[in-house]
Amino acid sequence: MNTIFQQIPIEHYITLSAILFCIGVLGVLTRRNAIVLFMSVELMLNSVNLLLVAFSMFHANPAGQILVFFIMAVAAAEVAIGLAIIVMIYRNLKTIDIAELSKLKH
Amino acid sequence: MVVISKNPVHSVMYLILTFFCIAGHYLLLNAQFLAIVHLIVYAGAIMVLFLFVIMLLNLNQDSVPKGSYLLPFAGALSGGTLLLVLVSALKRSDTLIQQSAADASLGMLKTLGKVLYTDYVLPFEIASVLFLIAMVGSVILSKKDPLKEPETV
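Residue numbers (this note's numbering), protein chains in the order written: chain A, 210 to 315; chain B, 4 to 156.
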């Protein structure tokens with residue numbers, strides 16, 4: 210059976226996922242726009258998904274792909290709720306700068 | 004590009020590009036079903052939601068002021084360190100277990116559906132309940148505040 214792992218070793222997929230995840234972490238750490246923050250979280254989720262699919266194909270086990278399917282469902286729900294919360298925050302504070310959201314501290 | 008572009012709309016465009024690349028990887032890995040679901044859910048639904056919110060809030064110009072110059076450096080430093088740790092841990096690790104016998108029908112809808120509806124029925128139903136909760140929650144959250152403006156539904 211001719212699979213992709215004869216041409217591309219799985220280490221390359223692990224490295225690619227690590228790079229994507231670190232870009233997501235970088236975005237969460239540096240940006241202050243709440244929507245861009247959410248997009249960075251999506252990027253991290255996707256890097257994990259890619260790694261799960263690669264391992265699932267590597268071990269010929271369908272459980273990984275089922276897990277990716279559930280992660281996608283949860284991500285969709287999370288984005289819906291999160292964007293609704295962002296809209297509500299914008300309506301109340303007229304900004305989505307996350308540095309302004311520290312009122313709970315005082 | 005998603006992270007460093009100033010305009011949020013450009014960020015969304017680059018993110019869509021990234022999602023298409025990931026879908027291409029799924030296709031290369033012979034996971035056709037997941038590639039299609041990924042395209043529909045992410046590039047189709049989630050990105051439209053993001054764009055819609057950005058347009059709704061009129062955030063075309065990045066109104067968020069830049070913080071101190073220290074912040075990007077600190078973020079880059081910690082992100083780069085994390086990447087370094089991950090990659091070096093990968094390099095140090097032993098050779099992976101021998102690959103199992105490949106199954107060409109693994110990424111197909113038939114195989115995945117059989118597994119999904121036999122072994123994973125309960126998580127599937129819980130996911131549907133989660134969707135219902137998310138739907139109701141987002142409707143309630145994005146509704147106008149009923150205390151301020153009563154009976155204007």
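One thing to keep in mind: the hints can contain errors.
Partner residues are not named here, just some residues of chain A that face chain B (Cβ under 7 Å, in silico) [unchecked claim]:
no., residue
1, C231
2, F264
3, I275
4, I280
5, A289
6, M297
Source of the hints: derived by calculation from the structure; they are not laboratory data. Note that the structure is predicted; figures quoted are calculated from it, not measured. Ideal Cβ placement from N, Cα and C applies to all residues, glycine included.
Hint check:
no., hint, result
1, C231, "holds (4 Å)"
2, F264, "violated (9 Å)"
3, I275, "holds (5 Å)"
4, I280, "violated (10 Å)"
5, A289, "holds (5 Å)"
6, M297, "holds (6 Å)"
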